[in-house]
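Single-letter residue listing:
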Amino acid sequence: MKSIILIAGSRLLVALLTVFSVYMLLRGHNQPGGGFIGGLVAAVGFVIFAIACGTEDARKALRFRPTDIAAVGLGMALFAGIMAAIWSDAFFTGQWLFINATPEDKGIPLSSVLIFDVGVFLVVLGSVLAIVFALEEEV
Amino acid sequence: MSWYLSLPLILPFVTAIICYLLRERAIGAWISVAGSAVGLVAAVALMALVLDHGVVAGQMGNWPAPFGITLVADLLSAVMVLITAITALAVAIYALSDVDARHGRFGYHALFQILIAGVTGAFLTGDLFNLYVWFEVMLIASFGLLVLNGGKEQIDGGVKYVVLNLVSTIIFLMGIGLLYGQTGTLNFADLAIKVREVENQALLTVIAMMFMVAFGVKAAAFPVFFWLPAAYHTPSFSVSAVFAGLLTKVGVYALMRMFTLVFDHDIGYTHTILLWVACLTMVTGVLGAAAQSDFRKILSFHIISQIGYMILGLAIYTPLALVGAVFYLVHHIIVKANLFLIAGISQRLTGGSDVYKIGGLYKASPFLAVLFLIPAFSLAGFPPLSGFWAKYVIVKASLDEGLWVVAFIALAVGLMTIYSMTKIWAEAFWKPHPDGIEPKLATLPGRAALLVPVIFLAVLTMVIGLMPDPFVEFATRASVQLLDSTAYITAVLGEDAIAAPVPDLDDLPTTEILEVEQ
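Protein chains in written order, with this note's numbering: chain A, 78 to 216; chain B, 120 to 637.
These are calculated hints, taken from the structure and not from any lab test. Note that the structure is predicted; figures quoted are calculated from it, not measured.
Partner residues are not named here, just some residues of chain B that face chain A (Cβ under 7 Å, in silico):
1) Ser121
2) Ser125
3) Ile136
4) Tyr139
5) Met179
6) Gly180
Here chain B is said to cover these stretches of chain A; the calculated rule only asks that three of the stretch's residues, wherever they fall, bring their Cβ under 8 Å from a Cβ of chain B:
7) 148 to 156
8) 164 to 173
Note that CB positions come from ideal geometry on N, CA and C, so glycine has one too.
Chain A on its own, in the form it takes in the complex (with noise of 0.2 Å):
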């Protein structure tokens, strides 16, 4: 079934929500958001793509195979809890690098945290599309 109004809808949509959920991403240190939830947004958009373009499609705009996506996440999750043995701390101490910090503005924070967060972004996004991928190809 493909109906031309969910495909030329579809395009403003998955853009919008992949564009959305790296916001969700990004400013989830301090508020409502963060890779989990991020993860599902994007994952929601390219579930929208499958839908309306089907499932051969939308495996080759992700280019990458969902469970790699996954496992490299995964990795990128447990590399941002390694990096704290550099600093001789605990396993998972958060890191931070403020870039232009003055005494009054903490400047740009770069952290491990956020290295985190992402390695999240791809399990959620990875395992969802594996999951919803499989369920569309078995029909």
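Knowing the structure of chain A, use the given hints to seat chain B on it.
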């Protein structure tokens, strides 16, 4: 120091990721072996540290307990992590020959490593919620491993397994919620202090019973063991070996942890129920085994009966009984995993797993027969093998308490175990193959990878049996730690955590008790 605690968890995850990304290639199996070997080194290092320093605790992410994620290793946790790593290495080597490339492509090695991570996490975690999380990790990985073959039988076993385990998980989660409502904490050490301040001690007993049911399902105790014999004979042999060795023991470990550290407020009630559960588990397990004819089904029912002994040790709740329980736990993992691995070799040689339809294994290889006899007799409790000492300590502990009936049941179950083992011996090993096949071990492809772990585990059983002293001494130290939670609590919460003890009602004069009640 916290890295000693986190490394046994990190390593299986790293190995799993590499195995998964390389699943198309044959090298995945070898990475699993290498990862397990490094994991064993990490477990040994943790063990050495715990032997040296006593209870070790680490706060992940540097958030202090009771708010952060705490990993704790006392002697019991450390030895369970070590034995998990040993089993993982043995099974990973066995899988080199047992698991074909097709299963490797489906992610067998990755799932196996995640299962090991889940088991290790459950042994190391210092709070109840993370125990739940690690149970889930184990459940997901083991479900994946169960249905990997994709046959009707596997799906059938897998669904029963998952449904019954999910019921247990729900009860567990409800118990966690109620306990949190009563105490406001889920950290084991913090709980151990806070449960004494709970006003409604009767409600606490109800919560304790919920945990008993939840962990009882995981441990396959009577009357909630049905999922185990329904599932364990279906997957590949390396999978069922690691299931048989480790998964139910996580339930027993959780029971031991919770009912020594947290729920020791009403021992007369909870531990009496445990005593009955233990006896019934032993008897039903061994009777179930007597009725079976499938190699792995016999062994599966024996897991249940042996779980009874471990729970018995916890239920009697004397120092000696706990020594027996700890000793039993360690000995049984090695023996049971080994028997399942041997069942796998037997299947390869004879082409079947129903003992009445196979035979000729002794003629195929007397060496394999000896390798079978060591764990089989150890399971039944023959001296001088490891099972003898484990049973001896438990029976002695029950006699010391004057529990004559319990001691009799324990001994009778041992005798019945021999009956099943003789059945396997007489049918699978002694009689000629009914189809006239003459199996030969010498021509079996990939036999080195199959035999090395079996020999390794058999030698371990022999060593524990012939030199029990250091092991019993170790188990004694572990049980002392279990009974006196001071070291555990101070390791997690710091020295001043139990500086202000809550007044015990029994110590107060009667008049004051009246005042308290008013």
